[in-house]
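Chemist: Use the sequences and the hints to build the structure in full.
What follows is the residue order along each chain.
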Amino acid sequence: MNGKRAMSRWNMTRWLMLCALAVVGLFASPSAFAADKVVLKDGTVLTGTIVRETSGIVWIKTTTGGIETERMVLPDELKSVERDAGAAKTEAPAEEKADDAAGDQPANGIKLEGDEPEYKPGVPRALVLTLGDEQNGHMVGVYMTAEIVRRAIPTLEKELGTDRTGILVLRVHSGGGMLLELQKLSDVIENELKPRFRVVGWIDHAISAAAMTMHCVEEIYFTTDGEYGGCTAFAGGADKPVEGFALEEILYMMEKISARGKHDPLLMRSMQIQMPLSATIDENGNVKYFPDATSGEMVVNPDREVLTLNAKSAERIKFSSGRADSIEELAKHMGLPEVQWVGKRVRGYPWPISKAEEMQIRFREQTKADQAAEGRLWESYGRRLAAAQAAQERDRASFVGQARQNLERIKAIFRNNPNLKLLRFGGERQYREWLDEQERILRDLLK
Amino acid sequence: MRRKHTAAMMALVAGMTGLVGVCGLGGATPALAQSSATRVDGSGPDTLIFRNGNTLKGEIVSETEKTVKIKSTTNGITFEMEYPKADLLEIKRGTRAPESKGAKADTKPTAPAAAEVKSEAKAEDAGTVGAGPDGTKYYYLSLKGEFGSQISQTPIRDAVDDAYKNGARVLIFEMDANWTQGEGEMTQDKKAFQQEFSMSRAERINDVILKHIPSIYGSAPEDRPQVVFWIKNAMGGAAFVPMLSCDRYFHPDGKMGGIGNLTEMMGTGSERVLEKWRGAALQTAMGFANWGCMPEIVIRGMARREQVVSVRYIDGKPDFFEGYPSNPGEELLTDSGKESEQDTIDQLARWQGNDVITLTADLATKLQLSKGTVSTKGELLETLGLSRNGVAVDQRVEKIFGGWADGLDRAKTRLLRILRDYQDVRVEGTWEERRAARGRQMRMLDEIMTILRQYGEGMLPRWCFQNGIPLNESGEPDINGYLNEKDKIKTEQQLDKR
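Chains D and Y are the protein sequences, given in the same order. Residue numbers are given in numbering that gives the first Met the number 0: position 71 of the first sequence equals residue 70, and the series is strictly consecutive. Residue numbers are given in numbering that gives the first Met the number 0: position 9 of the second sequence equals residue 8, and the series is strictly consecutive.
Hints in this document: simulated from the structure, not taken from any laboratory. Keep in mind that this is a model prediction, so the values were computed, not measured. Do not take every clue at face value.
What the hints assert, rightly or not - Simulated DEER-style distance windows between Cβ atoms:
| # | chain 1 | residue 1 | chain 2 | residue 2 | range |
| --- | --- | --- | --- | --- | --- |
| 1 | Y | 350 | D | 423 | 46 to 54 Å |
| 2 | Y | 341 | D | 285 | 42 to 50 Å |
| 3 | Y | 371 | D | 244 | 56 to 64 Å |
| 4 | Y | 338 | D | 190 | 52 to 60 Å |
| 5 | D | 134 | Y | 317 | 32 to 40 Å |
| 6 | Y | 324 | D | 246 | 34 to 42 Å |
| 7 | Y | 388 | D | 134 | 35 to 43 Å |
Glycine is no exception: its CB is placed at the ideal position from the N, C-alpha and C atoms.
Modeler: This is the structure:
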């Protein structure tokens, strides 16, 4: 066999194989048969395969120009969903799925299946909404955001009612985070939650920005191992405390937030700077604070230290109204002889899981998975883009397609949690500029 | 044309990666959206038969409408993987005892197998069984080994689940952590002057006691089991665990402390920022101590070298105060540790230093921070009133902790071998040889990730660092780095032309 004929036969075989695979690929394409329709409020209709739904958020896979993209649609954007019940659901490639399990799909997603009780009319309803958790994440601004709390409000109104009898327990577990989120969070609690519900803080672990966020709440309870404080602002490392005018601004912001929660501003101040604090409780139970360690009858914060309260010390100065390690104990402290806890009982959770709470858990699960996958997706995108740029014309479209898939997943990450743009790009504008540039590059590669 | 070509290439990639995936431990199987046939027969282990012909034997630990989770062992390493039923041709089930209620709990590798459980109490009764006609059921957990490695949250949680399933109302934790440094032959006892305020692992273990126990037993005080600690060695991070219960007993040689470097451990920088961190860490420890009847000033004396603490006794009760003794009957517990007050080597060698508080059996008893000193387990059970009327329901506990420790050892050995082998793979030769080499690399990466997912928590940062295993921000092995490496190999393969 001469070389030319052999090459020709190899090419023919290869071509036939590719054609066969093309047919397989076409059939395997998620939108080849799919006819799910997601109609957005702005009139856009997305046709493809709904691949996931949770807490009102819908992920739909569509194909445009042979390129698959996955779009996440938030409840605010969504008008309606039309499902094609007969459409065959196709699975992601096995390898991709296996990697996703530890990547950009929540791994070991918590199963929130359980029974929801029937609610009696006339009995106040309460629910626990967690801000941060140990399993998924708790950084303020990333896992504990104003946006996800705000997204839950319509659901909260359905679950707790709109007659202001509903009790919203904000259970905090966070070691702090981004300072710029705390005013937003405080505003959501003050302006949007408090007018609607009786808002209660249940402190499990509230350090730094988490404590500052909760300081607008008047009614506070602690778990036995709860702590609250350590609100010193710094940038990056221990050698970069916020100083001067910027520090004064933060101190002033917290004076105003202290007023919202009806807390003496000296208390928060001693959590922010090394200010000693003592207190005296008068015969009527009123607490008077002194900005030194000697004037009051009890030392709240010794010299040179930055204050963090624990369950006992918080109770002693009446910042905490009691210690509760279960919702039953909490209800007792709140003076509720009868209360209905909204949500379904789920094994492994010490309180019922409401739909609003499920939204928070899912958001954190997704954010955790996204954060874990983001760096990898980023590098993968860069590799595929470089491959597309280096590839010969016949192979380029494939690599562009793969790069675009990575890009769509990166976009989905930032849609789920817009605050992640701040960490990666520094802001919305920079993100937009970067995205436009990438879209242009990918378009040009296919010209 | 371009569209078809793209689809073809994507299908090609999917096919290739699928092929790689089925061979690796962590790899899934090629997915085809069809329902699977399920058969119940046979004896011995359960067997999953995949559509691509692969089989996997093990024990099905959970199952939903769409997925099945199986526990299996390969190369001596136990792992659990969940597979879509769509990928399966058949499920062959081995014979076994009926599944108990408790076995539905989410568990990790050492979770009790339904077939193996010899329960004293029926699972349905679990959590509601108190002292029955045959006495109080208790569960004894011996926490031995390196804290954060053999003593880790997963086996403890599994043991607690087992205790619940068997109706235990008293959980006894014997804390006997190695207060050692170094690995293997280099291991030696740490000394009295070595302090390690290391709380991260203790927080996870304490979560099992503070959060997991109420979540299965019930959160009302009457539902929770009694938690008892018997301290042999609770130094360093291990000291934070027995802080959780007032029912604390000491062995005559028992020690609790070694956390006295809080002031120094935060490094240098702005005192204000450092104080923020110190305060938060101290109060987290205080949170634990609030459960365990330990006053804040004692925790301060254990954690901060500069803290001066003394004690006097009022009506026989200890009254701790900050500062030096100034009246008869007052005793110094810890001085400032500065200059002339710094502990000397002869004091430290005899565990008599007082720069920080280290609780010994005698001191803890004197300060009423211990309920008693007992030399043996039998004596402890006697003290607790369990030696005659108690019923031990901890038949599986050794298997749980032994299984974890053995699995961890094997996982570490296997991991090091794969990492070495990985370095030896040469991607060279013909296209087929290069592809095969990359396939080997990806299978190795799959196996590395499976091991790390199962046993990563027991691999201490020091060991990972010594063996070139990258760590994430939480100080745990970073699986993402391996995922990234795998993606890189995939791209290289796609770019590689015949």
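Chemist: Hint by hint, note whether the structure agrees.
Modeler: To see whether the hints hold, each was checked on the structure:
1. Checking the proposed 46 to 54 Å range against residue 350 (chain Y) and residue 423 (chain D) shows it holds: the Cβ atoms sit about 51 Å from each other.
2. Our hint of 42 to 50 Å for residue 341 (chain Y) and residue 285 (chain D) holds, since their Cβ atoms are close to 45 Å apart.
3. Taking 56 to 64 Å as the suggested C-beta distance range, the pair residue 371 (chain Y) and residue 244 (chain D) conforms, at roughly 59 Å.
4. A beta carbon spacing of about 56 Å between residue 338 (chain Y) and residue 190 (chain D) agrees with the range 52 to 60 Å that was offered as a hint.
5. For residue 134 (chain D) paired with residue 317 (chain Y), a C-beta distance near 39 Å keeps the hint of 32 to 40 Å intact.
6. For the hinted restraint 34 to 42 Å between residue 324 (chain Y) and residue 246 (chain D), the CB-CB distance of approximately 41 Å keeps it satisfied.
7. In this structure the hint that residue 388 (chain Y) and residue 134 (chain D) lie 35 to 43 Å apart at CB holds, the actual value being about 39 Å.
Hint compliance for this structure: no hint is broken.
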